[in-house]
Amino acid sequence: MTPSSSQAAVASGVRATPILSTAGVRVEFAGRGRRRAVATAVDGVNLDIAPGEIVALVGESGCGKTTLARTMLGLERPTSGVVRFAGQPLSYRSRALRGYRRSVQLVLQDPTGSLNPRHTVYEAIAEGVRIHRLDNEEARVADALARCGLRPPERFFQRYPHELSGGQRQRVVIAGALVLEPSVLVADEPVASLDASVRGEILSLLLRLRDELGLAALVVTHDLGLAWNIADRLAVMYLGRIVEVGTPEQVFADPRHPYTRALMSVLPESPIEPIVLAGEPPDPTRIPPGCRFHPRCPELASGAAAGAGVAERCTSVALPVLPAAGPAQGQVSCHLAQAVSRD
Amino acid sequence: MSAPAAGTSTAGRGGPALPPSGPPLTPRRLAQARRKAALARFWREFRRDRRGMVGLIVLAVMIAVALLAPVLANSRGLNPIYATATPNTGPSLHDLLGTDNDGRSVLTLLIWGARNSLLVGFTATLISMLIGALVGVVAGHFGSIRARAGRLTDNLMMRVTDWFLVVPFLPLAMVLARTIGPSLGVIILVIGLTSWAGTARIVRAQALAVETRPYLERAKALGAGHWHQMYRHVLPNVMPLLLANTILTVAGTILAETTLSFLGLGDPIRPTWGEMLGAAYSNGVGTGNIVWLLAPGIAVIVVVMAFTLVGHALEAVLDPKLRGR
Amino acid sequence: MPLLELRDLTITYRTEGGPVPAVRGVNLSLEAGQTLGLAGESGCGKSTIAASVLRLLPLSAKVTGQILFNGEDVLTMNWGRLRAVRWAGASIVFQGALHSLNPVRKIGRQIGEPILLHEPDVSKEAAGRRVTDLLRSVGLPADRADSYPHELSGGQKQRVMIAMALACSPNLIIADEPTTALDVMIQAQVLNLIGGLVADRGIGMIMISHDLSVLSATCQRLAVMYAGRIVEEGPAHQVFTDARHPYAEALAWAFPIIGDVRTRMSPRGLPGDPPDPADVPSGCSFHPRCAVARPTCSTRDMELWPAGEGRRAACVRVLPDGHGESAAGPVEQENDQPEEAVS
Chain S
0 MTPSSSQAAV ASGVRATPIL STAGVRVEFA GRGRRRAVAT AVDGVNLDIA
50 PGEIVALVGE SGCGKTTLAR TMLGLERPTS GVVRFAGQPL SYRSRALRGY
100 RRSVQLVLQD PTGSLNPRHT VYEAIAEGVR IHRLDNEEAR VADALARCGL
150 RPPERFFQRY PHELSGGQRQ RVVIAGALVL EPSVLVADEP VASLDASVRG
200 EILSLLLRLR DELGLAALVV THDLGLAWNI ADRLAVMYLG RIVEVGTPEQ
250 VFADPRHPYT RALMSVLPES PIEPIVLAGE PPDPTRIPPG CRFHPRCPEL
300 ASGAAAGAGV AERCTSVALP VLPAAGPAQG QVSCHLAQAV SRD
Chain G
0 MSAPAAGTST AGRGGPALPP SGPPLTPRRL AQARRKAALA RFWREFRRDR
50 RGMVGLIVLA VMIAVALLAP VLANSRGLNP IYATATPNTG PSLHDLLGTD
100 NDGRSVLTLL IWGARNSLLV GFTATLISML IGALVGVVAG HFGSIRARAG
150 RLTDNLMMRV TDWFLVVPFL PLAMVLARTI GPSLGVIILV IGLTSWAGTA
200 RIVRAQALAV ETRPYLERAK ALGAGHWHQM YRHVLPNVMP LLLANTILTV
250 AGTILAETTL SFLGLGDPIR PTWGEMLGAA YSNGVGTGNI VWLLAPGIAV
300 IVVVMAFTLV GHALEAVLDP KLRGR
Chain C
0 MPLLELRDLT ITYRTEGGPV PAVRGVNLSL EAGQTLGLAG ESGCGKSTIA
50 ASVLRLLPLS AKVTGQILFN GEDVLTMNWG RLRAVRWAGA SIVFQGALHS
100 LNPVRKIGRQ IGEPILLHEP DVSKEAAGRR VTDLLRSVGL PADRADSYPH
150 ELSGGQKQRV MIAMALACSP NLIIADEPTT ALDVMIQAQV LNLIGGLVAD
200 RGIGMIMISH DLSVLSATCQ RLAVMYAGRI VEEGPAHQVF TDARHPYAEA
250 LAWAFPIIGD VRTRMSPRGL PGDPPDPADV PSGCSFHPRC AVARPTCSTR
300 DMELWPAGEG RRAACVRVLP DGHGESAAGP VEQENDQPEE AVS
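Residue numbers (numbering that gives the first Met the number 0), protein chains in the order written: chain S, 0 to 342; chain G, 0 to 324; chain C, 0 to 342.
It should be emphasised that the hints constitute simulated quantities derived from the structure, not laboratory data.
Any given hint might turn out to be false.
As the list claims (entries may be wrong) - Now the in silico label distances, taken between C-beta atoms and shown as ranges:
no.	chain 1	residue 1	chain 2	residue 2	range
1	C	105	G	224	56 to 64 Å
2	S	98	C	260	40 to 48 Å
3	S	35	C	123	37 to 45 Å
4	S	132	G	151	44 to 52 Å
5	C	95	S	79	37 to 45 Å
6	S	79	G	133	51 to 59 Å
7	S	97	C	264	28 to 36 Å
8	C	61	G	40	36 to 44 Å
9	C	123	G	129	56 to 64 Å
10	S	275	C	142	19 to 27 Å
11	G	129	S	98	30 to 38 Å
Glycine included, every Cβ here is placed at the ideal spot set by N, Cα and C.
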C-alpha cells in the first residue's frame, strides 16, 4: 500500500481492508491474591486499523489499553475473540508468530529500559535482523537509523544507550522496530518518559514514517494532547471496553459519552465546565452491571439520565460491543447518548 | 538565521574517542576497541580498592607458586622413598620448614599442596558454577513465563536444587570415597555436586529480576526465542553477579577440600594442604615439627582470605555499575 | 516582606569531572498566599532549587547567594532553627511519591511523624486525630491511616504526600512534579485539591512541572527555567499563551491545546536535547536549538529584560533597540530535525 494512496483513503473516509483488527477480543487474567477473582482486562473489543492509519487508544491506567495492545501484538492470547492481520487470524504457533513479528512491531514507553545496557546501538538494532536471519545486516541497520533521524548512522553504531539522550534512545528503539519493515507499529506511551521539548520531534517522526513508508500505528496513551497531535482516529477505553470512537475533531469538539466529556472538561483551556469525576477507576475484577461507567457517571448522578428515561437501563442493561466500522460520525456506547440521538 | 545544531548536549555525555581515521572501521574493530576501553575502566576502578588489590597480589603469588611447582621443588621430594632427612624435625637450613613424618621437606609438600589444593578448588568451582548458572538462568527464564509449563519447569528445577542444597556433603563424600576409592577426582565431584545449588538460587533470583526489564519484552516482540533471550539478554546481565559469586565460592571450595582431605578422603599420594593437616594432626605433631601443622593451616587461611577480598572488591566494582545502568 | 526570596542563588555540584553548575544566579520572590509555577525540563535546575530551600542538598553541592524565608537566610541558619523551619515553616511534596513513602510503615504513622517531631508535647492520640483530619482534607477515608503504601494507588499516594506536607501547617509548600505520571482525571483531582487547600489556608506555593498548561491553569505567576537560569517570568496565563522567549514558547507548544488547529497533525518539538549542566553553551544557553537565533546570541550574556507589564524575558528580541520585534506568532521550524552525532 503506497503511502499517498493510504493517506488519500484515510482522508476520504473509505474504509479499506484493515491491516490489523480485533473481533470480540476478551482477555481475562486468572485471579491472584486472596480473592482469586478473574480480572477481565479487555471485555470485548472490535477495533480496526486501516493501512497507514494512526489510531490513538486513550484511557486511564487499568482500562485495559496496554493489554489490548499486547494482544494485538500477539504477546497475549485472547481468552476469546480473534485478532486478524491483513484479514488472516493470528496463529499462535511459534513459527507463525515469529513471522508475524515482521509485520507488527512494538515501541515501549521507557526507552532506557527497552534497550539492553550491555548492547551497543548497532547490536540493539541488529538484534531483529539476526533473529529473522535477514541479509545485508549493516545496510539495514544504517538505513533504519537514518530514517529515524540519527545521522550519520555510523557515528551511532558503537554508542551505548546510557551515552544517548532520552530522545535519541527512543529513536533507536523505533529504528530497531523499523528494521523489520513492519506494516504496523504499536507504541505504548511513546513520549511519556521524554522531555517536553523533545516530544514533538518523536511524534513528528511517527508522522513522517507514516508518510514515507505507509506505516500504520496504534498509539496507546493517556495523553489526549498526543492524540490531538497525530491521530487519525481516536478510541476511548473504559474498563475493558471502547466507549467512544471517532476522529479527534469529532470526539474533542463534541464528546458524547459522559466519560469522554469529563476527560475533555478537565483539560486546560477547555471550553467545557470541568467535571471532575470522583473516586478511582474501578477494579477489573468487579465490573459493574449494566453500563460499566454508571457508578461514576455524572449524568446518572445529576438526574439527566433519569430525565431521559434511561436511568433504569444504565444500571441493568449491558451495552453491546461497538462494531469496528460504523457511521462516519463516530460511535458511542452509552444509553443516554443513544436515547438522545434517537430523538 | 543560524541553523540549530542538534545534539550538542551529547558532546558532554562521554562518548568514546573514536580511533583516528585510518583503515575503514568495521563494527568488529570498533567493538574490540570498546571492549578494551571497558576493561581498562574496570581495572582502574578495581585498583582503587586496596584490600582487593592485596587479595589479588596474594592470589597471583599463590597461583604462580602452584604453576611453577615443578620448578620450585623437585617432585621427587614427594616420594617417601627418596626422603633422606631426619623425620619430624623442625626448620633447618636444609629444610626451611622442617620435615614431616616420612622425612619429606614440608616446604616441598606445601608447594605441591598449593598446586593440588588450588586445582581442586578451581575445578570444583568451575563445575559448580556451570551447573548453577545453567539451572539458575533456565529456571529464572521459564519461571517468568506466565504459562503453566514455564512455572512447572521452574518449580521442578528448584525442587531438585533444594534437594542438592540440603544434601550433607560429608556423608556423601565418605560414601563415594568408599565405593569409588579415595582420590582428588572424588573430592572434586563431591564438592561440585554439593555447591552448585547455592549459586543456582542466586542466579535464578537475578534472572527473575532481569526478566522483568522492558528489553526482554522488546526481544520477545522482535521474535526472539527462548535460547536467544537467555543467551543474549539474561546471561550477560547475570554475569557480574555470577563472577563475584564464583570467586567467593572458590574460597569455600578450598575449605571444603581441606576438610575432606583432613578426614583422609583424599588421595594420599598427591598431597594437598588438607592432607598435610590431617597427617600432621595424627602423627604426633606435638612432639615434633609444629611447622608441619602450622604451614598448611596458615596457607589455607591466607588463600581463602585473598579470594574473599577479591570477591568483595569485585562485587563493589560491578554492583554500582549494575545499578547505574 | 516576601515569604520566600531567592537572591542570586547559585548552586554548583562538585563531581569527579569537575564543577557542574546546576543553578546559575536565580532571583525569585514569592509573597504569602501566592502561587508560582516553575517550569523546565530535566537538567534545568528546578528540583535542585526545591531541595535547596530546605537545605536538603548533598554535601557535594556548593551554594552561594541567599535564600530568605520570611527574611531569614536559610543558608546561614543554625541547625536548631533549620530543623524548626523544615516542615513547620516550609514543606515539600516530593516527586515520585512511589519512592518517598516508607514501604514498611503505615500511612498514618508516616503522616504523623512530622507532627510528633515538631510538637513533642502533642500526645499520640491528638496526633492521630490530626492525621485523620488531614486525610479527610485530602479526600481519603480515615481508615486509610492503617494501610501500607503498596495498598494505595498512584493518586492516593500523591494525596498522602500532600497530607504529609500539610501536617505542620507550613506557610510555604513546594510541590515538585505533583501530577506527572498521573492520569488526566486523577491529575485534575489532585490539582483541584492543592489549589483549594492553598487558597483556604493562605499558603504560598511553588509548583514545579514541565507541563506549562497545568501550571498556567493552577498558578498565578510562572517562571521558565533553562540550563540553570530563569529565561522568562510573568503572569502564568500570559507566559503560556504569549511567550516572549523562544524556549518558553516551544515548551508551551509541547502540550498542545486540544482544539487548536495549528497543532492538529503538526507536533512541534525542538531539535537537540536539553543541555547537560556540565556542558552549557556560551552566551544564551538556548541558542543551539533556537530557530530565531542571531549571531550575537552565542556570545552575549543574557539578562532578564523587561518584556511587558510585570514580565521579564532573557532574550535579545524583547529589547527595544532595533532587535525588539515581539515574539508574536508561532516559531517556524522544520518538523523533526535530524539528530546529528557529535563525537
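Checklist entry - Which of the stated hints cannot be reconciled with the structure, identified by number in ascending sequence? => result Hint check: 1, 4, 6 and 8 fail, others pass.
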